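Each of the two chains sits in its own frame; use the hints to bring them together as a complex.
As you go down the protein sequences, you meet chains A and B in turn. Taking the UniProt record's numbering, the leading residue of the first sequence gets 1, the next gets one more, and so forth. Taking the UniProt record's numbering, the leading residue of the second sequence gets 1, the next gets one more, and so forth.
Heads up, a few of these hints could be off.
DSSO-like mimics (lysine-lysine), calculated; alpha carbons at most 27 Å apart, straight line [as the list claims (entries may be wrong)]:
{"no.": "1", "chain 1": "A", "residue 1": "Lys217", "chain 2": "A", "residue 2": "Lys123"}
{"no.": "2", "chain 1": "A", "residue 1": "Lys210", "chain 2": "A", "residue 2": "Lys181"}
{"no.": "3", "chain 1": "A", "residue 1": "Lys36", "chain 2": "B", "residue 2": "Lys254"}
{"no.": "4", "chain 1": "B", "residue 1": "Lys47", "chain 2": "B", "residue 2": "Lys77"}
{"no.": "5", "chain 1": "B", "residue 1": "Lys254", "chain 2": "A", "residue 2": "Lys73"}
{"no.": "6", "chain 1": "A", "residue 1": "Lys172", "chain 2": "B", "residue 2": "Lys254"}
{"no.": "7", "chain 1": "A", "residue 1": "Lys36", "chain 2": "B", "residue 2": "Lys241"}
{"no.": "8", "chain 1": "B", "residue 1": "Lys13", "chain 2": "A", "residue 2": "Lys36"}
{"no.": "9", "chain 1": "A", "residue 1": "Lys123", "chain 2": "A", "residue 2": "Lys196"}
{"no.": "10", "chain 1": "B", "residue 1": "Lys241", "chain 2": "B", "residue 2": "Lys111"}
{"no.": "11", "chain 1": "A", "residue 1": "Lys36", "chain 2": "B", "residue 2": "Lys10"}
{"no.": "12", "chain 1": "B", "residue 1": "Lys47", "chain 2": "B", "residue 2": "Lys241"}
{"no.": "13", "chain 1": "B", "residue 1": "Lys129", "chain 2": "A", "residue 2": "Lys123"}
{"no.": "14", "chain 1": "A", "residue 1": "Lys123", "chain 2": "A", "residue 2": "Lys172"}
{"no.": "15", "chain 1": "A", "residue 1": "Lys73", "chain 2": "A", "residue 2": "Lys36"}
Just so you know, the hints here were simulated from the structure itself, not pulled from any lab data. These numbers come from a predicted model, not from an experiment.
Okay, here's what each chain looks like letter by letter:
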Amino acid sequence: MQTFDLAAQGLRALNSTLHGLKGQTNQTAWEIINPKGAHAIAVGLDAPVDVTVRGSTGYYCAGMNKQATVRVKGSAGPGVAENMMSGTVIIDGDASQYAGATGRGGLLVIKGNASSRCGISMKGIDIVVHGSIGHMSAFMAQSGNMVVLGDAGEALGDSLYEARLFVRGSVKSLGADCIEKEMRPEHLALLADLLKRGEADHLAKPEEFKRYGSARKLYTFNIDNASSY
Amino acid sequence: MCGIVGLFLKDPKLEPQLGAMLTDMLITMTDRGPDSAGIAIYGRPEKGKAKLTVQSANPDADFATLADDLGKAIAGKVTGVVKDTHMVLELPEDRLEAARHAMRDLRPKAKVMSAGEGIEIYKEVGLPKDVAARFEVSRMSGTHGIGHTRMATESAVTTMGAHPFSTGADQCLVHNGSLSNHNSVRRVLRQAGMTFETENDTEVAAAFISHKLQEGAKLGEAMEATLTDLDGFFTFVVGTKNGFGVVRDPIACKPAVMAETDQYVAFGSEYRAMVNLPGIDNARVWEPEPATVYFWER
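For reference, chain B alone in the conformation it holds in the complex (with noise of 0.2 Å):
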């Protein structure tokens, strides 16, 4: 199973509401995916500033001095705000990589969870209400997010095997299905210089498309790739710092609903995720084709 819920905003309006539409649709996702949850939300970048997202098990220990201790690393102003298990660090945007570097030093055992302008990545295991709750995520403004409640198949259920999955800057994705060749496409992407940090198959679909938007492909062209190169089944939903896209295997037995109006665009596994949206009895609803590209951006 799994369920996916993504919320693509065109009416600057609906902005400081975006995490509590997303939440309310993740928690309706609850039955599809009950042992972890993770949520992507994209703010409005401020320019020449950068996030980076981190998540510790001993968030007391670890994150008490991490601001001060990263500033003092990348030579630059940090400011960081915990919520629980994760931090987000603000820092200037040319620090960025310079700051992924330093994390690995100063805290070996904390995962980051993305890092871009406008990207900040949540995911814990635990119910999608919890999760969410945990992580204040309704009170939370955005131009689009991601959601996405797991039933685990292909690997553990464990924090870092949650959804979404970050594998370059402002880039994210989710997947309801199993891919069958992720292990060896995992093999080719890592002799391209690619890193992994689980053996779920998951980061591998979001691995591969990174690899293709690094390559200079366009969105829609690494999304297209997909189809070719991974095997198995899959209703994917990715982000960018511009917007998102979704697409579905030929065969398209896992369900997607879309819903479009003047406001937004909509994405659920299921119809019912998407029923307190706003004018959604009048909105363009309809499944997306098998083995086809579609993407928002602004």
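Next up, chain A with everything else stripped away, as it sits in the complex (with noise of 0.2 Å):
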């Protein structure tokens, strides 16, 4: 395990250390002591580690994340794991506004409860929160999965395109376009393993939740483009 004390060595020499970590390394666990709250902590990484962080972050923590796993171990700012790429983000406490927001792939858990703008313009990333998420939660969400084992607030999944919404609890008011749709075995399928994925299958089963997903009224959905969603 490799400590890094960021208060003492600070945010360019921490995110320095973490971008030469390239492809395959010995030093493959890596634990950053004293946060205290700072932006863009373990952004842009693109190596197999397992990164952990002691206490809360503030803006941007784990952007850009490529294969790595990030963990915080207390809450995070905004913007946490944007534009995500691949790997896996657990944030043990809160996330502030568009966590998650424009990511293309890899695994977002957050396991207390997201604010605002949650999963915006999603393109293919899974979010599982263990809590509840704010307003405007998946705007104009593409592509991807978002599971909430809470509540949702308003407008929710508002000009949504192609992104699957699951929701255990209630949702203040769905956005334009947005509609409730069957729950089928595929569904129920994928939700098991996003659950089982999020660390969330002993909170939650996958019959306990709604689907909700586009109407496809408000953008020209083609049949014929349905395999690039």
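This is how it looks when you write it as structure tokens:
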């Protein structure tokens, strides 16, 4: 385990050290202490390493992540895992605005609540929130899956494309062109896998969720392009 | 951008450290607002006494004999302490309005920053650390306080354009965001008798709340009314003699984090503003909900 003291060594040194880990490395386990809510912690990683942040983080933690597993033993500020490409980001506490925004791949797990605009414009990322999400979540979400064990705020999935949204609790209101859809066997299987990978299979069962998706009236859905979503 | 910090102390043992804690929080928020900074500190009111905080671009000339001049004008005892460009004048509570009026004739170019039983406001152009040092904020004690670091959008970078804005006795407001209907609201408030020092949008929000309070609204009701009558982006933190309140617009894109322990309630635009507060690791930390009014009073 490599330990990095952010308060003593600084953010630039941390991120350039982590960026230096390319391909196969023997330094696969990292611990960051004294994060003190700093911005841009562990941004732009591109190696199969495991990074644990001991405390809460500021803006954009684990943004643009590729391959790495980043765990935050606290809460995360705005834009956590923004534009993630692959890998896993796990937040033990709450996440602020636009968690997982524009994410193209990988898995984001938030064990507390996420606030507004969670998964805005998501493009393939999977997001599992153990608590509730705020208003305007999954706005213009294009693809990927969002699983919410708690409740969703106002205007869920406004102007939605082909992302799948699964909510166990109440939805305050649905956004334009977002509708409830039937839960078919393939969705239950998908949910079971997401709950397991999202460390939530002991908390909820797939049958307890409702599925929401696009009514496909607001954008020009073409069945011939279905495979590209 | 702009940064906001706030502290409401529940534990009187922390009161001597209020200024030091707020200064640390304020400096951490420099990245969010490096062009000017300000702080409102509420001390424990002394029975029968009130404070007038004034600012001058020529403090040597304006402040030299001000306490005596003001004492004669209002026929009451006035003492004063000069802190850089500001002076805090202590006077009998029942002469506060008279003193405000007298200032206009005695020192027409000096500005009244705040008036009330507990409040003192200090604000200037410059980096937060320099502004805090000029007024020795870290040595001040008090029951609660609000600070602001400004990145100007709606009006010029001037002393009077810095936050907090005070438009009523012991009241102040700081703002992160920008208002789009401030000109029309200002017109309405002017017709209702409110006066304005600047063209700044935040001053309109402060006056809007002061006017509601004058009309008899409670703090919570006055803050609730901002959600229907003010258009734009805002996170407001409001200070009164007894406490402080927080409200965010329904879209809530201007950040806000709160922390509460048995000793205090703290507000920060970002969590990192609060990381050095005592017991923060075990505090209840949360984001205030959109379009929801929070306030704490003693």
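Here is how each hint holds up against the structure:
For the proposed pair Lys217/A and Lys123/A, the alpha carbon gap of about 20 Å is at most 27 Å, so the pair holds. Note on Lys210/A and Lys181/A: the hinted pairing holds, with a Cα-Cα distance of about 8 Å set against a maximum of 27 Å. At most 27 Å may separate the alpha-carbon atoms for a hinted pair to count; Lys36/A and Lys254/B meet this at roughly 21 Å. For the hint linking Lys47/B to Lys77/B, the alpha-carbon distance of about 15 Å falls within 27 Å, and the restraint holds.
Distance check on the hinted pair: Lys254/B and Lys73/A sit about 25 Å apart at the alpha-carbon level, within 27 Å; holds. Distance hint between Lys172/A and Lys254/B is fulfilled; the C-alpha atoms sit about 22 Å from each other, no more than 27 Å. With a C-alpha separation of about 32 Å, the suggested pair Lys36/A and Lys241/B falls outside the 27 Å cut-off, and the hint is violated. Between Lys13/B and Lys36/A, the direct Cα distance comes to roughly 25 Å. Compliance with the 27 Å bound is thereby established for this hinted pair.
Restraint check: the Cα-Cα separation between Lys123/A and Lys196/A comes to about 21 Å, which is no more than 27 Å; the hinted pair holds. A hinted pair counts as satisfied when its Cα atoms are at most 27 Å apart, and Lys241/B with Lys111/B qualifies at roughly 21 Å. A hinted pair counts as satisfied when its Cα atoms are at most 27 Å apart, and Lys36/A with Lys10/B qualifies at roughly 24 Å. A C-alpha spacing of about 13 Å is found between Lys47/B and Lys241/B, which places the hinted pair at or below 27 Å, so the restraint holds.
With a C-alpha separation of about 43 Å, the suggested pair Lys129/B and Lys123/A falls outside the 27 Å cut-off, and the hint is violated. Restraint check: the Cα-Cα separation between Lys123/A and Lys172/A comes to about 24 Å, which is no more than 27 Å; the hinted pair holds. Pair hint Lys73/A plus Lys36/A holds up; C-alpha atoms about 12 Å apart against a cutoff of 27 Å.
Violated hints for the displayed structure, listed by number in ascending order: 7, 13.
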